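Produce the entire structure from the sequences given, and follow the hints as far as they go.
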Amino acid sequence: MEATYELLSSQPFLAGLTPAQLDKLSYWTRKSTFHAGTRLFEEGQRADRFWLLREGHVTLDTHVPGQGTQIVETLGPHAVLGWSWLFPPYRWHFSASAVETTLAVELDGPGVRDLCARDHELGYELMRRFVEVVVQRMQATRVRLLDLYRMPS
Amino acid sequence: MTPLRYRVRRRLTETADTVTLVLDPVDEPIVAPLPGQFTMMYAFGVGEVPISVSGHADGGIVHTVRAVGAVSRAVAGARTGDVLGIRGPFGTDWGVPPGGDLVVLAGGIGLAPLRPVIRQAVARRARFGTVAVLIGARTPADLLYPHEYATWRAAGLDVRVTVDRADMSWTGHVGVVTTVLGALPVDPAATTAFVCGPEVMMRFAARALVDRGVPPAAVRVSLERNMRCGVGLCGHCQLGPLLVCRDGPVVGWDRAAPLLAVKEL
Amino acid sequence: MSTLLRSLGPLVRALHGQGYRVVGPTVRDGAIVLAELDRADALPYGWGVEAAPGRYRLHRRADAAAFGHAAGPQSWKAFLHPPRSPQWTADRTADGFTVTEAPPDSTRYAFLGVRGCDLRAIAVQDRVLGGADGGYARRRRELFIVAVSCTEPADTCFCASTGCGPAAGPGYDLGLTELVDGDRVRYLVEVGTPAGLELLTQLPTEPAPVDLVEEAAAAVAAAATKMSRALPEGDLRDLLAGSHDAARWDDVAARCLSCGNCTMVCPTCFCTTVEDVTDVAGEHAERWLRWDSCFDLDFSYLHGGPVRTSTRSRYRQWLTHKLGTWHDQFGESGCVGCGRCIAWCPVGIDITEETRALVTEAEEA
Numbered sequence: 001m002e003a004t005y006e007l008l009s010s011q012p013f014l015a016g017l018t019p020a021q022l023d024k025l026s027y028w029t030r031k032s033t034f035h036a037g038t039r040l041f042e043e044g045q046r047a048d049r050f051w052l053l054r055e056g057h058v059t060l061d062t063h064v065p066g067q068g069t070q071i072v073e074t075l076g077p078h079a080v081l082g083w084s085w086l087f088p089p090y091r092w093h094f095s096a097s098a099v100e101t102t103l104a105v106e107l108d109g110p111g112v113r114d115l116c117a118r119d120h121e122l123g124y125e126l127m128r129r130f131v132e133v134v135v136q137r138m139q140a141t142r143v144r145l146l147d148l149y150r151m152p153s
Numbered sequence: 154m155t156p157l158r159y160r161v162r163r164r165l166t167e168t169a170d171t172v173t174l175v176l177d178p179v180d181e182p183i184v185a186p187l188p189g190q191f192t193m194m195y196a197f198g199v200g201e202v203p204i205s206v207s208g209h210a211d212g213g214i215v216h217t218v219r220a221v222g223a224v225s226r227a228v229a230g231a232r233t234g235d236v237l238g239i240r241g242p243f244g245t246d247w248g249v250p251p252g253g254d255l256v257v258l259a260g261g262i263g264l265a266p267l268r269p270v271i272r273q274a275v276a277r278r279a280r281f282g283t284v285a286v287l288i289g290a291r292t293p294a295d296l297l298y299p300h301e302y303a304t305w306r307a308a309g310l311d312v313r314v315t316v317d318r319a320d321m322s323w324t325g326h327v328g329v330v331t332t333v334l335g336a337l338p339v340d341p342a343a344t345t346a347f348v349c350g351p352e353v354m355m356r357f358a359a360r361a362l363v364d365r366g367v368p369p370a371a372v373r374v375s376l377e378r379n380m381r382c383g384v385g386l387c388g389h390c391q392l393g394p395l396l397v398c399r400d401g402p403v404v405g406w407d408r409a410a411p412l413l414a415v416k417e418l
Numbered sequence: 419m420s421t422l423l424r425s426l427g428p429l430v431r432a433l434h435g436q437g438y439r440v441v442g443p444t445v446r447d448g449a450i451v452l453a454e455l456d457r458a459d460a461l462p463y464g465w466g467v468e469a470a471p472g473r474y475r476l477h478r479r480a481d482a483a484a485f486g487h488a489a490g491p492q493s494w495k496a497f498l499h500p501p502r503s504p505q506w507t508a509d510r511t512a513d514g515f516t517v518t519e520a521p522p523d524s525t526r527y528a529f530l531g532v533r534g535c536d537l538r539a540i541a542v543q544d545r546v547l548g549g550a551d552g553g554y555a556r557r558r559r560e561l562f563i564v565a566v567s568c569t570e571p572a573d574t575c576f577c578a579s580t581g582c583g584p585a586a587g588p589g590y591d592l593g594l595t596e597l598v599d600g601d602r603v604r605y606l607v608e609v610g611t612p613a614g615l616e617l618l619t620q621l622p623t624e625p626a627p628v629d630l631v632e633e634a635a636a637a638v639a640a641a642a643t644k645m646s647r648a649l650p651e652g653d654l655r656d657l658l659a660g661s662h663d664a665a666r667w668d669d670v671a672a673r674c675l676s677c678g679n680c681t682m683v684c685p686t687c688f689c690t691t692v693e694d695v696t697d698v699a700g701e702h703a704e705r706w707l708r709w710d711s712c713f714d715l716d717f718s719y720l721h722g723g724p725v726r727t728s729t730r731s732r733y734r735q736w737l738t739h740k741l742g743t744w745h746d747q748f749g750e751s752g753c754v755g756c757g758r759c760i761a762w763c764p765v766g767i768d769i770t771e772e773t774r775a776l777v778t779e780a781e782e783a
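Chains as they are written, first to last, in this note's numbering: chain A, 1 to 153; chain B, 154 to 418; chain C, 419 to 783.
Note that these hints are calculated values from the structure, not bench results.
Note that the structure is a prediction, hence the values are computed from the model and not measured.
Any given hint could be a false lead.
[Unchecked claim] Per label pair, the in silico range of CB-to-CB distance:
no.: 1; chain 1: B; residue 1: 353; chain 2: C; residue 2: 700; range: 35 to 43 Å
no.: 2; chain 1: A; residue 1: 46; chain 2: B; residue 2: 324; range: 55 to 63 Å
no.: 3; chain 1: C; residue 1: 523; chain 2: B; residue 2: 163; range: 54 to 62 Å
no.: 4; chain 1: A; residue 1: 132; chain 2: B; residue 2: 340; range: 19 to 27 Å
[Claimed, not checked] Cut-off 25 Å, straight-line C-alpha distance, at most; resulting in silico cross-link-like pairs (SDA-like, lysine to any residue):
no.: 5; chain 1: A; residue 1: 31; chain 2: A; residue 2: 152
no.: 6; chain 1: B; residue 1: 416; chain 2: C; residue 2: 724
no.: 7; chain 1: B; residue 1: 416; chain 2: C; residue 2: 657
no.: 8; chain 1: A; residue 1: 31; chain 2: A; residue 2: 67
no.: 9; chain 1: B; residue 1: 416; chain 2: A; residue 2: 152
Note that CB positions come from ideal geometry on N, CA and C, so glycine has one too.
In structure tokens:
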């Protein structure tokens with residue numbers, strides 16, 4: 001428990017949470033390591049966890065018939081991986097695999113959901129952080145949607 | 154002002170639509186260009202187009218040209234031995250400081266005018282603190298000068314590459330170039346940033362740098378408007394008070410931000 | 419000391435004698451245009467002009483004044499900064515091409531009848547185009563200017579508010595004020611340069627009586643009070659820099675046809691584009707410089723499309739440049755108050771009215 005608490009308290013994503021809140025979360029936390037090429041999850045599977053990346057990189061990808069597997073985004077240190085665990089139907093929208101040896105902190109989805117449902121203050125703090133990440137990623141995605149480097153017609 | 158003739162010494166295919174031309178003067182050469190300046194390149198009987206300088210050496214000049222219109226297609230189509238016209242160099246330069254940290258942020262063809270800055274940083278590496286080169290492109294096949302990244306890294310530059318889309322054969326980063334910036338350690342007081350790419354990308358990148366604490370005047374962007382004469386006489390490249398060919402293309406974000414914020418200025 | 423000239427015939431002959439091509443106002447196609455004059459008789463003696471927003475009409479005057487009219491559709495830039503001029507030619511060779519600069523235009527012009535507004539306009543274009551050692555600078559160096567102060571402004575004139583008239587000067591070689599008494603016209607002459615003095619000594623002149631000098635001064639001073647239009651006072655550069663989002667631009671854009679007439683008739687508008695033309699065989703290419711207009715959609719073209727797609731943005735560009743950013747670029751205003759853009763706008767858009775509306779909008783904000 002001590003080790004996972006330390007892991008969590010060093011995550012920028014969780015900066016500002018109280019020791020008591022971190023302590024509650026640490027119950028649902030474990031360290032995880034992925035070797036290069038490891039598939040973390042597959043599109044359509046049950047989404048029951050998320051990760052805070054510490055080292056290494058993970059790609060989010062999807063299979064496009066005729067074009068093979070396309071990478072939609074690369075996530076690196078300090079990034080949050082996975083938010084499909086937050087809402088029904090709790091299924092991954094994309095697949096994820098480790099590009100290189102990747103160290104992460106893994107949190108249990110149902111456990112954290114249950115925590116948030118019972119402790120709204122912790123729930124608010126976590127949701128606020130998730131929303132910030134989602135907004136940043138959506139804005140970056142919108143910029144990419146503009147396809148700025150394309151050949152002008 | 155008549156163009157001076159240059160002969161294509163070498164032609165390198167960079168991407169499907171972009172080539173790099175190494176040119177030697179047939180007559181007298183133009184004045185040695187500074188990093189960030191541009192020239193007007195003339196294809197016989199077709200017309201003239203502004204192209205940034207990507208390098209110059211041995212009395213020659215290097216231009217990386219993307220074929221986007223009739224004239225640039227003709228220029229990019231020049232073969233070894235062909236003659237093109239060149240007027241210039243025109244405009245302001247990047248104004249690389251004598252020291253400090255450098256952030257070079259390039260999107261697409263925007264890497265072309267920044268290559269002289271990178272090469273300068275490589276040649277005089279000891280003068281600078283951290284030198285980060287962030288490169289964004291549409292796909293891995295659209296990256297410019299990929300064979301040079303290893304040399305830049307070997308010289309101690311922090312080269313980070315990202316593309317908008319890729320398949321699994323790409324082991325690099327996928328995402329907009331500004332997200333790579335987010336992961337970069339920046340000492341705002343010591344940093345001078347050079348940003349070049351599509352205008353929207355420059356707006357996002359410059360704002361992100363300013364949000365990180367870099368003073369707006371230390372964030373330099375390279376503007377693009379309809380440059381025709383190169384010497385502030387034809388009026389086409391106006392952006393508010395600026396004649397971009399004369400007062401730009403490189404300007405500080407402190408000057409560019411309020412102008413780029415006005416639609417259709 | 420002022421000098422009196424009883425006829426312009428000797429002046430025109432003396433200028434011809436010195437090898438000048440004399441250009442001045444003359445009646446053609448229902449307008450007073452600027453054209454090469456063979457003789458002083460070609461001047462528009464007895465013609466007057468009625469100008470209003472979107473309107474320009476000639477009428478017969480009751481007297482024989484040659485300069486009893488205000489600015490016509492052309493300005494002198496048509497000669498110093500021609501609408502179309504050759505730059506260079508290129509010819510294909512076995513291993514490339516050669517470039518040949520266009521032969522220098524050695525025309526020596528003498529302008530007869532340059533008004534205060536247009537004299538200033540020439541000075542304004544000097545700041546923009548005179549630095550480069552091209553055709554403009556050459557023609558300008560050789561230019562002889564006979565200016566004429568205005569005594570009868572048109573309804574569209576507002577040079578008093580821009581500080582360019584009605585008295586002409588400085589910048590002329592010789593400055594005239596026309597004194598009209600029925601069919602009799604006389605000219606009070608002021609000398610501006612040694613070249614002007616040298617020419618004047620060749621003319622049959624007489625000392626001007628003091629009462630005529632005073633009469634001329636009073637007539638010019640009275641002209642300033644006859645102008646019904648004025649640009650608003652105050653810092654227009656600041657006003658326009660802060661008016662990018664003004665609602666008035668939408669209002670004027672609903673009327674503006676984006677025809678570019680204002681830029682063609684404006685004596686300071688200098689924008690150009692280049693035309694590259696080739697012969698059928700593709701062996702010979704030419705580069706021509708020609709007037710362009712910021713109202714043209716392609717003016718701001720970048721690969722992908724033009725930057726200024728709306729009429730609103732193009733009118734805003736024109737007015738903001740003319741009265742605002744011209745200061746940033748060239749250290750002065752680009753408007754001299756000639757009123758041509760008002761008279762020759764097909765829908766009668768009035769630069770003074772639009773500027774005043776922007777002032778009002780800024781004050782109300």
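Tested hints:
1. 353(B) to 700(C): 35 to 43 Å: Cβ of residue 353(B) to Cβ of residue 700(C): about 39 Å, so the range 35 to 43 Å holds.
2. 46(A) to 324(B): 55 to 63 Å: violated (29 Å)
3. 523(C) to 163(B): 54 to 62 Å: violated (41 Å)
4. 132(A) to 340(B): 19 to 27 Å: Given about 24 Å between the Cβ atoms, the range holds.
5. 31(A) to 152(A): violated (47 Å)
6. 416(B) to 724(C): Given pair residue 416(B), residue 724(C) holds - Cα atoms ~12 Å apart, limit 25 Å.
7. 416(B) to 657(C): Holds, at roughly 18 Å.
8. 31(A) to 67(A): Between residue 31(A) and residue 67(A) the Cα gap is close to 35 Å, so the pair fails against 25 Å, i.e. violated.
9. 416(B) to 152(A): holds (19 Å)
Taken one by one, the earlier hints fail for this structure at numbers 2, 3, 5, 8, listed in ascending order.
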